[in-house]
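Chains as they are written, first to last, in my numbering: chain R, 1 to 226; chain F, 1 to 226; chain P, 1 to 226.
The set of hints was computed from the structure by calculation and includes no laboratory data.
Be careful, since some hints might not be right.
To spell it out: a stretch of chain F is covered by chain R in this simulated footprint if at least three of its residues, at any positions, have a beta carbon under 8 Å from a beta carbon of chain R; those stretches are [said to hold, decoys possible]: (1) 122-136; (2) 145-158; (3) 172-183.
Restricting the straight-line Cα-Cα distance to at most 20 Å, the calculated cross-link-like pairs of lysine to aspartate or glutamate (EDC-like) are [what the hints assert, rightly or not]: (4) P:Lys167 with F:Glu170; (5) F:Lys9 with P:Glu36; (6) F:Lys9 with P:Glu17.
Remember, it's a predicted structure, so these values are computed and weren't measured experimentally.
C-beta: ideal position from N, C-alpha, C; glycine also.
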Amino acid sequence: MSTIPESVKVGQNTVFEKNVTIGENVVIGHNTVILEGTEIGDNVTIGSNCVLGIKPNVSARMRKTEQKKDKLIIESGTRIGHLVSIYAGTQISQNVFVGDQASIRENVRIGNTSVVGRSAVVELNSTIGRACTIQTLAYITGDTTLEDDVFIGPCVSMSNDKYMGAKPYELEGPFIKKGAKIGNNASLLPGIIIGQETIVGAGSVVTKDVGDYKVIAGVPSKDIHS
Amino acid sequence: MSTIPESVKVGQNTVFEKNVTIGENVVIGHNTVILEGTEIGDNVTIGSNCVLGIKPNVSARMRKTEQKKDKLIIESGTRIGHLVSIYAGTQISQNVFVGDQASIRENVRIGNTSVVGRSAVVELNSTIGRACTIQTLAYITGDTTLEDDVFIGPCVSMSNDKYMGAKPYELEGPFIKKGAKIGNNASLLPGIIIGQETIVGAGSVVTKDVGDYKVIAGVPSKDIHS
Amino acid sequence: MSTIPESVKVGQNTVFEKNVTIGENVVIGHNTVILEGTEIGDNVTIGSNCVLGIKPNVSARMRKTEQKKDKLIIESGTRIGHLVSIYAGTQISQNVFVGDQASIRENVRIGNTSVVGRSAVVELNSTIGRACTIQTLAYITGDTTLEDDVFIGPCVSMSNDKYMGAKPYELEGPFIKKGAKIGNNASLLPGIIIGQETIVGAGSVVTKDVGDYKVIAGVPSKDIHS
């Protein structure tokens, strides 16, 4: 059974599976589905028509992850929009904001006060630091790291598989250092390192590692500051 | 209480909050949520699993808007797809089409007969003229203006913050004049003006204002007609 | 009436319209809507908050299709994620995987074991072969063909209307031959043919047909192998 404190406000047709834990003063919308084992902290707000705590799929054509955790944890003060999907095995820290129609896979950690924009996708095994902004429709591929204070513009695209499924390969997403800013609709290739406080122009295609404090733009992107 | 005329056809598990107004011959799907104060005109069609009339979030890390209206208005003859989210403080005019999984924020006005494509996003404070087409997965950033008859291709990306969150800044989206056409996956920078009936090629990155009746393409985009 | 075998496991608040056919050992989540006439094969898994079997809209400003089939068919062993929308008149073959928040239009055929990624969109009249991978947030425009074993990277964009709505025109999507691989966020123009096992680099804009076994990249894309 799931126990729901009296201070929690729940909409109509919302479904709680078993072993869900809910803190004080939580607000949950209508028609939302909270799946087995999900843990929701105090003062969390969740919209309508969400699906939270999804067990990862295991398919012959999709890779497996070793999960450290087996449930979804949403910490205190976090706000989740409407029509959002989030997987089990992921931890959303305190005072995070997740926009409507966003999707977050398993084995992800999102640091305090970060923002995951509307319709953005964060794939499995990724780590998002504190105070990061991931804008609308941006795509954080699997096995990506964003350090603290990173800004990912709208519609930014990343990949983590340089052989595009053709060979067995250790998948590797970008590694984006503290305070870097990626302009809208830029494309980042697998395993790319973007240096601290580096700025990547809108629409750039980044094919190589970039050092700290650079400003780059173009296809392929080049230093435009020196 | 919300009053629902007898001519309205409503699916199962649909939730109406209080003070919802619904016209004649409206059709609403299953599991849809119509939030407080929403006004729906005659002959409107709404799909299943939508969330309509969302109150804007106010977060320390997100900017506030001064809203002129405090409810969602959907005018007569408009059709809303499935799994759509639309905010309060927005007006969707007559005979508009909003595709499945699209999302429209607060303080937006969409003119008669315009199309907002499947999975497209329209951010806050934007004005869309009459007979515009916003294609699938296109992103209309906040504070954007589309005059009448504008065509935004699939996956077009825009931004409205040239400092990418680094400084306080008056956010400014693109201003796209009557009849302009933006090719698929083009990127538009903050505050860019695109002239009347100008054509922007697919995949272009537009970094400067463009005059009327131009044809531009490339990264950064250049005139390819003269 | 719809008949549901005893071996089927259905969540709460799930809606079945009339004439739905469901095979053995099917699992369906909560708050999902299965519309009139949908056929679901054995061992299919469907998530929560989906809308399946949507009747195509007919609007003055949207084109009509001649549909060969009038219902949605999902064949055995296929797995559909959460918050997915799929139209009537489409056939999803065996052991296909459709990610969360994906959307598939009418008159589409998807071959055995293919993957349609999270938040990807497949528009009307498109044919996807066997063992294809369509990655997250990729956009398959209408009237597109993917032969077998094609890889479409994340955020790839396509278009099918070279006049962007300005003239009557036979819409034509890309034709992508067996084993071709399209890098993330590449843009493909209307009617482009991509040759067998050709590789298109990330962020490329493909403006002309490309032969078999090529490697191309850039804006506009050029052969980078010879």
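Here is what the structure says about each hint:
1. Counting residues of the stretch 122-136 of chain F whose CB lies closer than 8 Å to any CB of chain R gives 1, so the stated coverage by that chain is violated, three being the minimum.
2. Restraint check on the stretch 145-158 of chain F versus chain R: 3 residues with Cβ-Cβ distances below 8 Å, three needed, restraint holds.
3. A stretch counts as covered by a chain when three or more of its residues have a beta carbon under 8 Å from one of that chain; for the stretch 172-183 of chain F and chain R the count is 0, and the coverage is violated.
4. For the given pair, Lys167 (chain P) sits about 38 Å from Glu170 (chain F) by alpha-carbon distance, which is inconsistent with the 20 Å threshold.
5. In summary, the hint linking Lys9 (chain F) to Glu36 (chain P) is supported, as the alpha carbons are separated by about 16 Å, within the 20 Å threshold.
6. Only pairs whose Cα atoms come within 20 Å are accepted, and Lys9 (chain F) paired with Glu17 (chain P) is accepted, the gap being roughly 14 Å.
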